[in-house]
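**Student:** Single-letter residue listing:
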Amino acid sequence: MEITIHRAGMLSTVQDLGRRGHRAAGVPLSGAMDRFALRVGNLLVGNEQGAAAIETTLMGPEVEFSADAVVAVTGATFDGVPAWQPFFVRAGERLRLGNPVKGCRGYLVVAGGIQVPPALGSRSTFVRAGLGGLEGRALREGDHLPAGESPRRLAPHWRIDERILPRYAAAATVRVVRGPQADEFGGRLAKSEFRVLPQSDRMGVRLGGSRLLRIGRADEMVSAAVAPGTVQVPPDGLPIVLMADAQTIGGYPQAANVIGVDLPIIAQARPGDRLRFEEIPLTEAQQLFLARERVLAMLQQGLKEKVVAE
Amino acid sequence: MTLSALGDSAVVIALGEGIDEQVLARVRALTAALAQEPLPGVVDVVPAYATVTVFYDPLEMAAAGERPFERISRLVTERAGRIEAGAKKKYASPGRTIEIPVVYGGEFGPDLDAVARHCGMEPGEVIKRHQAGDYLVHAIGFVPGFCYLGGLAPALHVPRHATPRPSVAAGSVGIGGAQTGVYPLVTPGGWNLIGRTPLALFRPNDPEPALLRVGDRVKFRAVSREEFGQWK
Numbered sequence: 001m002e003i004t005i006h007r008a009g010m011l012s013t014v015q016d017l018g019r020r021g022h023r024a025a026g027v028p029l030s031g032a033m034d035r036f037a038l039r040v041g042n043l044l045v046g047n048e049q050g051a052a053a054i055e056t057t058l059m060g061p062e063v064e065f066s067a068d069a070v071v072a073v074t075g076a077t078f079d080g081v082p083a084w085q086p087f088f089v090r091a092g093e094r095l096r097l098g099n100p101v102k103g104c105r106g107y108l109v110v111a112g113g114i115q116v117p118p119a120l121g122s123r124s125t126f127v128r129a130g131l132g133g134l135e136g137r138a139l140r141e142g143d144h145l146p147a148g149e150s151p152r153r154l155a156p157h158w159r160i161d162e163r164i165l166p167r168y169a170a171a172a173t174v175r176v177v178r179g180p181q182a183d184e185f186g187g188r189l190a191k192s193e194f195r196v197l198p199q200s201d202r203m204g205v206r207l208g209g210s211r212l213l214r215i216g217r218a219d220e221m222v223s224a225a226v227a228p229g230t231v232q233v234p235p236d237g238l239p240i241v242l243m244a245d246a247q248t249i250g251g252y253p254q255a256a257n258v259i260g261v262d263l264p265i266i267a268q269a270r271p272g273d274r275l276r277f278e279e280i281p282l283t284e285a286q287q288l289f290l291a292r293e294r295v296l297a298m299l300q301q302g303l304k305e306k307v308v309a310e
Numbered sequence: 311m312t313l314s315a316l317g318d319s320a321v322v323i324a325l326g327e328g329i330d331e332q333v334l335a336r337v338r339a340l341t342a343a344l345a346q347e348p349l350p351g352v353v354d355v356v357p358a359y360a361t362v363t364v365f366y367d368p369l370e371m372a373a374a375g376e377r378p379f380e381r382i383s384r385l386v387t388e389r390a391g392r393i394e395a396g397a398k399k400k401y402a403s404p405g406r407t408i409e410i411p412v413v414y415g416g417e418f419g420p421d422l423d424a425v426a427r428h429c430g431m432e433p434g435e436v437i438k439r440h441q442a443g444d445y446l447v448h449a450i451g452f453v454p455g456f457c458y459l460g461g462l463a464p465a466l467h468v469p470r471h472a473t474p475r476p477s478v479a480a481g482s483v484g485i486g487g488a489q490t491g492v493y494p495l496v497t498p499g500g501w502n503l504i505g506r507t508p509l510a511l512f513r514p515n516d517p518e519p520a521l522l523r524v525g526d527r528v529k530f531r532a533v534s535r536e537e538f539g540q541w542k
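Sequence lines, in order, name chains X and S. Residue numbers for the first sequence, in the working numbering: 1 to 310. Residue numbers for the second sequence, in the working numbering: 311 to 542.
Because the hints were derived from the structure by calculation, they are not lab data. Treat the numbers as computed from the prediction; the structure is a model and nothing was measured. Errors might be hidden in some of the hints.
Ranges of calculated distance between the beta carbons of each label pair, as one might list FRET restraints [what the hints assert, rightly or not]: (1) S:Pro469 - X:Gly237: 38 to 48 Å; (2) X:Glu284 - S:Glu388: 41 to 51 Å; (3) X:Gly272 - S:Ala402: 52 to 62 Å; (4) S:Ala373 - X:Ala155: 28 to 38 Å; (5) X:Asp236 - S:Met431: 57 to 67 Å; (6) S:Glu537 - X:Glu135: 56 to 66 Å.
We put the beta carbon where it would ideally sit given N, CA and C, even for glycine.
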């Protein structure tokens, strides 16, 4: 099966759950910005949670399928397109994702997954190094993407339990655990309101609206590893939340780290959206992490009878 | 050795401070000890300067009665405690020696003259001293395969550009403050560019994609434009 890209949208790339084991070589994790949405999308069409899909950014693409397929769109929601629900598309049918009604990044997931060749163990596109995806780049008009052949049967009349879906909002509170230099900002992170700046990308979501200035004169730091979710603060005081394509090491002070289960909220924030931070203990963050994994395991179990291979 | 959480899925093990060869020896010994028999649930180990960061899956790390962060901290501490004297000695001296051919100056090193002026010497002297150095890889990062090299002669320390170039050619050799390094890919960059190598520092099709590892020793050797052109 092949997916033809008729319109590429703003930034559409192939993503899976990223490249593990190569950070020591400076290769970032990459993968879906909203990992939860990709994992749920894959489960909805009967795939493994980490199969590759198309990640869209704001304006989505228009695509055509060469064969009948079961697909799902998760993450951002689009007018006229079923959200968080598998549906059939016919051979030759076009699916258009315009501007999302809600959220920033959509996941167009197809049963059988996008089958570009893996690079360093992942199909994720890392544009900066030309790695993975389709020729290491964002999708363009006229591209043909190989996808798996996997006929699926769907049980009728069911919906995913909406209580498990994240609450993407234009004014969100994101939970963080303390960073090593949290004290140098005198607790300002949790007391300020920020706005998402348009310069945000897959490397980092840039924040404005408030500045975090260091108290006193601190020494230059020697670089150490950073992670998706690290809130680093350059000398201008405008925080950057590092995301999927972030560099592997960094030398800016770290005010906090966004907890794993709340990172999708940042991934779905649009330029101009407001964000606040709330500090929680690490123990609680890890409990939330485990609870989220239990939800996904239950969903996987529950979907076994709803989405069946033919 | 101090351990601190980097979010909910990583732990940073600090083994000292600053850019220091003895600290780097401890970093390398711990990295090797963790790589030898990977701990279950560990997904990535990243050495850099004075730290080793271990990325883990909290789900796999959540064993009966033990919280994920406590468990990974205990496992890493146990592993660090078992590093033998032999390994400590081995990692106290550099790893492999890698020679990097460089065309210095001209269009390949657009900042060479400015660096020379800043250092109060002739461009030829900068080239001579840069080649004479014995460098150690303290970290890999920024972009895939980018090496941060310690050991630059203090006479060659030059601050980074206040405004980075929007695009630096792949293979560019630069000086950033007290460090020197090579840009493996076309990226923005603020270091002073003194030359360029034809060597690929990042090879995406290789199972070990970065040419250099933390702890490797690097020597630079001046080559002609002809040699650069013929490099395979």
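**Student:** Does the Cβ pair Glu284 (chain X), Glu388 (chain S) satisfy 41 to 51 Å?
**Tutor:** violated (26 Å)
**Student:** Is 52 to 62 Å right for how far apart the beta carbons of Gly272 (chain X) and Ala402 (chain S) are?
**Tutor:** Taking Cβ atoms as reference, Gly272 (chain X) and Ala402 (chain S) lie about 54 Å apart, which means the hint holds.
**Student:** Measuring from beta carbon to beta carbon, are Ala373 (chain S) and Ala155 (chain X) in 28 to 38 Å?
**Tutor:** 37 Å Cβ-Cβ, so the 28 to 38 Å window holds.
**Student:** For the range 38 to 48 Å, tell me whether the beta carbons of Pro469 (chain S) and Gly237 (chain X) fit it or not.
**Tutor:** Distance hint for Pro469 (chain S), Gly237 (chain X) is violated at roughly 21 Å.
**Student:** Using the C-beta atoms of Glu537 (chain S) and Glu135 (chain X), is the stated range 56 to 66 Å upheld?
**Tutor:** violated (31 Å)
**Student:** Can the suggested window of 57 to 67 Å be confirmed for the beta-carbon pair Asp236 (chain X) and Met431 (chain S)?
**Tutor:** Since the Cβ atoms of Asp236 (chain X) and Met431 (chain S) sit about 34 Å apart, the hinted range of 57 to 67 Å is violated.
The structure does not agree with the numbered hints 1, 2, 5 and 6 stated previously, though it agrees with the rest.
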